[in-house]
Amino acid sequence: MSKNIIEVKNLEKYYEISGGFFSRTKGVVKAVDDVSFEIPVGESLGLVGQSGCGKTTTARSLCLLDPKTNGEINFLNPETQKLESIDDLDDIELKNFRRNIQMIFQDPYESLNPRWTIKDIILEPLNIHNIGNLADREEAVKEILKTVGLTPPENYMPRYPHELSGGQRQRVSIARTLIMKPKFVVCDEPTSMLDVSIRISIMDLMLNLAKDLGISYLYITHDLAVARYMCNRIAVMFNGKIVEIAETEKLLSNPVHPYTKRLISSIPVPDPKYNRVEYDLNYDELDEIIKNNPDKKMVDIGGEHFIATHDVKDILY
Amino acid sequence: MSNTLKEQEELQKQLRKEAIRKNWKLFSQSKLGMIGLYIVAFFLFLALLQPFLFITGIWNPAIYDPVVGYDKISANLLVIECPKEYPSEKYESYEDCPGPGEVNIKKLYMAPDLEVGDYYDTFIQPAPPSRTHLLGTDSLGRDVFSQIMEGSQVAFVLGLLSATLGVGISTILGTIAAFFGGRVDAYLMRQSDLVLMLPSLPLLFIISAFAELKVWHLAIVLGVLGGLGGSVITIKSQALQVKVKPYVDSARITGGSKWQILFQHILPNVAPLALLFMVFSVTGAIASESVLSFLGLLNIDMSWGIMIYLSQTDGFIFSGLDFWWLILPAGLAVTFLAGGFYLVGRGLDEVFNPRLRKR
Numbered sequence: 001m002s003k004n005i006i007e008v009k010n011l012e013k014y015y016e017i018s019g020g021f022f023s024r025t026k027g028v029v030k031a032v033d034d035v036s037f038e039i040p041v042g043e044s045l046g047l048v049g050q051s052g053c054g055k056t057t058t059a060r061s062l063c064l065l066d067p068k069t070n071g072e073i074n075f076l077n078p079e080t081q082k083l084e085s086i087d088d089l090d091d092i093e094l095k096n097f098r099r100n101i102q103m104i105f106q107d108p109y110e111s112l113n114p115r116w117t118i119k120d121i122i123l124e125p126l127n128i129h130n131i132g133n134l135a136d137r138e139e140a141v142k143e144i145l146k147t148v149g150l151t152p153p154e155n156y157m158p159r160y161p162h163e164l165s166g167g168q169r170q171r172v173s174i175a176r177t178l179i180m181k182p183k184f185v186v187c188d189e190p191t192s193m194l195d196v197s198i199r200i201s202i203m204d205l206m207l208n209l210a211k212d213l214g215i216s217y218l219y220i221t222h223d224l225a226v227a228r229y230m231c232n233r234i235a236v237m238f239n240g241k242i243v244e245i246a247e248t249e250k251l252l253s254n255p256v257h258p259y260t261k262r263l264i265s266s267i268p269v270p271d272p273k274y275n276r277v278e279y280d281l282n283y284d285e286l287d288e289i290i291k292n293n294p295d296k297k298m299v300d301i302g303g304e305h306f307i308a309t310h311d312v313k314d315i316l317y
Numbered sequence: 318m319s320n321t322l323k324e325q326e327e328l329q330k331q332l333r334k335e336a337i338r339k340n341w342k343l344f345s346q347s348k349l350g351m352i353g354l355y356i357v358a359f360f361l362f363l364a365l366l367q368p369f370l371f372i373t374g375i376w377n378p379a380i381y382d383p384v385v386g387y388d389k390i391s392a393n394l395l396v397i398e399c400p401k402e403y404p405s406e407k408y409e410s411y412e413d414c415p416g417p418g419e420v421n422i423k424k425l426y427m428a429p430d431l432e433v434g435d436y437y438d439t440f441i442q443p444a445p446p447s448r449t450h451l452l453g454t455d456s457l458g459r460d461v462f463s464q465i466m467e468g469s470q471v472a473f474v475l476g477l478l479s480a481t482l483g484v485g486i487s488t489i490l491g492t493i494a495a496f497f498g499g500r501v502d503a504y505l506m507r508q509s510d511l512v513l514m515l516p517s518l519p520l521l522f523i524i525s526a527f528a529e530l531k532v533w534h535l536a537i538v539l540g541v542l543g544g545l546g547g548s549v550i551t552i553k554s555q556a557l558q559v560k561v562k563p564y565v566d567s568a569r570i571t572g573g574s575k576w577q578i579l580f581q582h583i584l585p586n587v588a589p590l591a592l593l594f595m596v597f598s599v600t601g602a603i604a605s606e607s608v609l610s611f612l613g614l615l616n617i618d619m620s621w622g623i624m625i626y627l628s629q630t631d632g633f634i635f636s637g638l639d640f641w642w643l644i645l646p647a648g649l650a651v652t653f654l655a656g657g658f659y660l661v662g663r664g665l666d667e668v669f670n671p672r673l674r675k676r
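Line by line, the protein sequences are chains V and E. So for the first sequence, the working numbering puts the first residue at 1; every next one is plus one. So for the second sequence, the working numbering puts the first residue at 318; every next one is plus one.
Because the hints were derived from the structure by calculation, they are not lab data. Treat the hints loosely; a few may be bogus.
[What the hints assert, rightly or not] Restricting the straight-line Cα-Cα distance to at most 27 Å, the calculated cross-link-like pairs of lysine-lysine (DSSO-like) are:
(1) V/Lys95 <-> E/Lys330
(2) V/Lys181 <-> E/Lys323
(3) V/Lys119 <-> E/Lys423
(4) E/Lys560 <-> V/Lys119
(5) V/Lys261 <-> V/Lys211
(6) V/Lys146 <-> E/Lys575
(7) E/Lys389 <-> V/Lys119
(8) E/Lys339 <-> V/Lys95
(9) E/Lys348 <-> V/Lys181
(10) E/Lys531 <-> V/Lys181
(11) E/Lys323 <-> V/Lys119
(12) V/Lys296 <-> V/Lys30
(13) E/Lys323 <-> V/Lys95
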């Protein structure tokens, strides 16, 4: 059995709403509410859901960008091959831990510092962690630029981000994340701002790199087609909770949760004669699962296909 | 993987050297920036030239000292009598008499024995530019060129010190307020509200009542007042915009420390605005110096502000360009030095903002 690169248990992220005279706490927004999943080494998990359902907040908590409210994040230490809780790390261990986890952002226009050259941008992680001497670093930059398909690298290194196209910038972002040879990369909709013709080449690049370097992805997207292309497993997120999680083909061919069904039915089909079937919101299946498993939060309905059992009728109209 | 401490230091040194060389190359490519640099360098040269001239004895301090120097410039004026009616043969109107090199007999109260046609041997002040006094003398017989040099020393000390201090303070405080937020932010913002409310001129009155204000005292006071005031708020708002950019996030994920992010990402992206503030505060410092000299609150002997002020109180400022050497050199010096600093700011902006660069 393969090991998990990351295990997330009951992750919660609440935002307090304060207002009134003394900014008292009026209530909380549960941006991420009791999310658990794990990703095996070398595999990738897709996190799909509508805008504002907490996908990006989950990712930011995983990368320790925003402190989580509750829950546990365990990460596989590549040296000891053991899962370690991120909370237990001290400052130096945390800095070393950060070598292994990277994030690719959605917006290629904002994720590169406009005042730095491409070379400086890609060099930054090496400078932060002080790896190799100057010649080594430059060699590494050239190597990684070739890997992501920006050739010849000498042409790109002295340029600035505004001189590149969206696809080229996203390749630079990928190069920057890969130069540390991370084990786990969080991708926050890396292709959603690219046009369709470039999208597939970027996705192919990421898949090939995953195969060659053994990287695991957490791939956040709102596009099920992209998730199907990229991921081994898909988790569907709704209102801060994971409602269904299963292997890609299983989930797409046999969706159980009504929200998943709606999501799948909303995929546009490039056929003018195709009439969209208004999905009949059928709660019977879910109701039965809830009735049979009154105590469990997630129910395995066979073959590692998990369904959340919380009642969604009120919010899902 | 990691290097030893000594190697790391060596690497950092190399990186810094490379960065300086690259930035200088970028700056020298900007024409406006280089023009500004030449102007600033010219005034710096003037400021440094004066003590050199005194030390080497080329200039006699008794004559050329900008404050207590005095030079007799003698002139022989022809004594004439102005006609009663105009236009006459020689003069078109009342204002043309007496002409250059002449003196009206009715004004010669102190030499009653002179008659029309005689020559009146006297000293003229202010004297127009000549070979001994390149920019003439003022109404007290002091060399204007030497005053300009003295004034540029004052302007440099005042402008640079107060602008650097002010912009340094406001940039650091503004970015810290944006970056750390919370109580630090609240404290800094309330503080700058307070300084904004504080009227700076009355405050300077009070300070000058208690302590003798020298140039560099004034520079520090102006710098601190400017640095704690409204510019902190503006720079904070810019830093807040930069702080939430994904490239800051990705530096944090990679493990960049707070200070690394502050100095490598946020400060360079705030710098253009700070430079703009610096340019304005150089000009503002020179201007407020002349206001304070006008009110007699400064212990400064000579500056461009005082030169303009003196030419005004002596009544030469409305005489057209007849006494141009009293007004224009000081006025142009203020304009050119302020403009020079502005152009240097533009050049630095091109270093910081790659979008402005030409390729």
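Status of the hints after comparison with the structure:
1. A C-alpha spacing of about 23 Å is found between lysine 95 of chain V and lysine 330 of chain E, which places the hinted pair at or below 27 Å, so the restraint holds.
2. Between lysine 181 of chain V and lysine 323 of chain E the alpha-carbon distance is near 26 Å, which keeps this suggested pair within the 27 Å criterion.
3. For a cut-off of 27 Å, the pair hint linking lysine 119 of chain V to lysine 423 of chain E is broken: about 83 Å separates their Cα positions.
4. In summary, the hint linking lysine 560 of chain E to lysine 119 of chain V is supported, as the alpha carbons are separated by about 22 Å, within the 27 Å threshold.
5. Among the hinted pairs, lysine 261 of chain V with lysine 211 of chain V is inconsistent with the structure: their alpha-carbon atoms are about 31 Å apart, more than 27 Å.
6. Taking the CA atoms of lysine 146 of chain V and lysine 575 of chain E, the gap is near 32 Å; set against the 27 Å cutoff, the hint is violated.
7. Of the supplied pair hints, the one linking lysine 389 of chain E and lysine 119 of chain V is violated, its CA atoms being roughly 68 Å apart against a limit of 27 Å.
8. Distance check on the hinted pair: lysine 339 of chain E and lysine 95 of chain V sit about 30 Å apart at the alpha-carbon level, beyond 27 Å; violated.
9. Under the criterion of a C-alpha separation no larger than 27 Å, the hint pairing lysine 348 of chain E with lysine 181 of chain V is inconsistent with the structure, at around 43 Å.
10. Between lysine 531 of chain E and lysine 181 of chain V the alpha-carbon distance is near 60 Å, which puts this suggested pair outside the 27 Å criterion.
11. Distance check on the hinted pair: lysine 323 of chain E and lysine 119 of chain V sit about 25 Å apart at the alpha-carbon level, within 27 Å; holds.
12. Of the pairs offered as hints, the one joining lysine 296 of chain V and lysine 30 of chain V holds, with about 20 Å between alpha carbons and a cut-off of 27 Å not exceeded.
13. Annotation: proposed proximity of lysine 323 of chain E to lysine 95 of chain V holds, straight-line Cα distance about 21 Å (limit 27 Å).
In this structure, the earlier hints numbered 3, 5, 6, 7, 8, 9, 10 are contradicted, and the remaining ones agree with it.
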